[in-house]
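Given only the sequences and the hints, what does the whole structure look like? Please build it.
In short: position in the sequence shown from 1, add 1, done, that's the working numbering.
Among the clues, some could well be false.
As the list claims (entries may be wrong) - Just the calculated beta-carbon pair ranges, DEER-fashion:
#1 V207 x Q81: 55 to 63 Å
#2 D42 x Q122: 21 to 29 Å
#3 D306 x S68: 19 to 27 Å
Stated by the list, open to error - Each computed SDA-like pair below joins lysine to any residue, with the alpha-carbon atoms no more than 25 Å apart:
#4 K155 x T96
#5 K177 x G230
#6 K177 x G286
#7 K26 x Q137
#8 K296 x G286
#9 K293 x G176
#10 K155 x D71
#11 K177 x R218
#12 K155 x A140
Hint data in this document are derived by calculation from the structure and do not stem from the laboratory.
Ideal Cβ placement from N, Cα and C applies to all residues, glycine included.
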Amino acid sequence: MWAILIVTLPTQPNAVRLRIWRALKALGCAALRDGAYLLPDTHAPALGSLAAEVREHGGAASVMTLSPRDEAQRDEVLAQFDRTEAYALWRETATALQFEIEALGETEARRRLRGVADALQALRGIDYYPGPAAEQAEAELLALRRALDARFSKGEPQPRADDGIVRLDKAKFQGKRWATRARPWVDRLACAWLVRRFIDPAAEFVWLDDVGRSPIRTPRGVVGFDYDGARFTHVGTRVTFEVIAASFGLESDPRLRRVAGAVHYLDVGGIPVPEAAGLEAVLGGLREVHAKDDKLVAAAAAVFDALYAAPGASS
Numbered sequence: 002m003w004a005i006l007i008v009t010l011p012t013q014p015n016a017v018r019l020r021i022w023r024a025l026k027a028l029g030c031a032a033l034r035d036g037a038y039l040l041p042d043t044h045a046p047a048l049g050s051l052a053a054e055v056r057e058h059g060g061a062a063s064v065m066t067l068s069p070r071d072e073a074q075r076d077e078v079l080a081q082f083d084r085t086e087a088y089a090l091w092r093e094t095a096t097a098l099q100f101e102i103e104a105l106g107e108t109e110a111r112r113r114l115r116g117v118a119d120a121l122q123a124l125r126g127i128d129y130y131p132g133p134a135a136e137q138a139e140a141e142l143l144a145l146r147r148a149l150d151a152r153f154s155k156g157e158p159q160p161r162a163d164d165g166i167v168r169l170d171k172a173k174f175q176g177k178r179w180a181t182r183a184r185p186w187v188d189r190l191a192c193a194w195l196v197r198r199f200i201d202p203a204a205e206f207v208w209l210d211d212v213g214r215s216p217i218r219t220p221r222g223v224v225g226f227d228y229d230g231a232r233f234t235h236v237g238t239r240v241t242f243e244v245i246a247a248s249f250g251l252e253s254d255p256r257l258r259r260v261a262g263a264v265h266y267l268d269v270g271g272i273p274v275p276e277a278a279g280l281e282a283v284l285g286g287l288r289e290v291h292a293k294d295d296k297l298v299a300a301a302a303a304v305f306d307a308l309y310a311a312p313g314a315s316s
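In structure tokens:
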């Protein structure tokens, strides 16, 4: 069943008319005709709120339930929610980025990728009856993300199954050498900070340049992180930073969760967080300034220290 909003908008003020129209568009309503808007019945409360606002400003509005009389009518209504054309427009943007990756710097390329990913997430939010077009778009986004990683972050790990994370004793990880791929970006920079700040203050880092092999060969006696075959890497939906934090019982720290939210979003997308854009910009600048990875890690540590200590981090 569906909820249908029958509405006659007030003639004035224009700001109200525009706000209602934008809200209907943002909800992904199907327009049966002028003044009749449809959503799955689970979204009836949203239409009810709009109806109340219309009436408050002198318009007329009511929300009713629509049931199809037969399969043909049901299919006719479902066709109103077909997002195939919207996915095609999204794909044009994704394809354009695919062809431009080689000409872009990493910071700009990742910013563009996140924009493409956010656009897809918004589209999926109003795709109430997803079909093959949605699956294809998700696959193309994954391919685009991998193409970008191949260009800027060779050896980016593929997630392992999320089969539980074993709790470890940090006393057994003191004075270790920790290895990861050279020219670290957000997840690896955050991991290095996490290790030195909370786990192994005397940690030394080994930067692996041989990223063409799969898996990368980890030096003997070294703790690897954030590459295929490493001791610590992506697990399920968790990025390496989140895996290391969980492994050493740090995931309950609300300030670390705040840092983790930004790291996760910048590394693999997902739920946007306010701090992400600023963190990416600063870390991108540090990569331009510091050619040596050890100096880059030291400089980035100050950024993560500040983010961890920022007011509101525990909220």
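Hint check:
1. Checked against the hint of 55 to 63 Å, the C-beta distance between V207 and Q81 comes to roughly 58 Å, which is consistent with it.
2. A hinted range of 21 to 29 Å holds for the C-beta pair D42 and Q122, which are about 24 Å apart.
3. The supplied range of 19 to 27 Å is broken by D306 and S68, whose beta-carbon atoms lie about 59 Å from each other.
4. As the CA atoms of K155 and T96 are separated by approximately 21 Å, the hinted pair is consistent with the 25 Å bound.
5. Only pairs whose Cα atoms come within 25 Å are accepted, and K177 paired with G230 is accepted, the gap being roughly 18 Å.
6. Restraint check for K177 and G286: the C-alpha separation of about 29 Å exceeds 25 Å, so the hint is violated.
7. Taking the CA atoms of K26 and Q137, the gap is about 24 Å. The hint holds against a cut of 25 Å.
8. Taken as a hint, the K296 and G286 pair is honoured in the structure, with Cα atoms around 13 Å apart against an allowance of 25 Å.
9. Proposed proximity of K293 and G176 is supported: the alpha carbons are some 22 Å apart, at most 25 Å.
10. Only pairs whose Cα atoms come within 25 Å are accepted, and K155 paired with D71 is rejected, the gap being roughly 54 Å.
11. A hinted pair counts as satisfied when its Cα atoms are at most 25 Å apart, and K177 with R218 qualifies at roughly 17 Å.
12. In summary, the hint linking K155 to A140 is supported, as the alpha carbons are separated by about 20 Å, within the 25 Å threshold.
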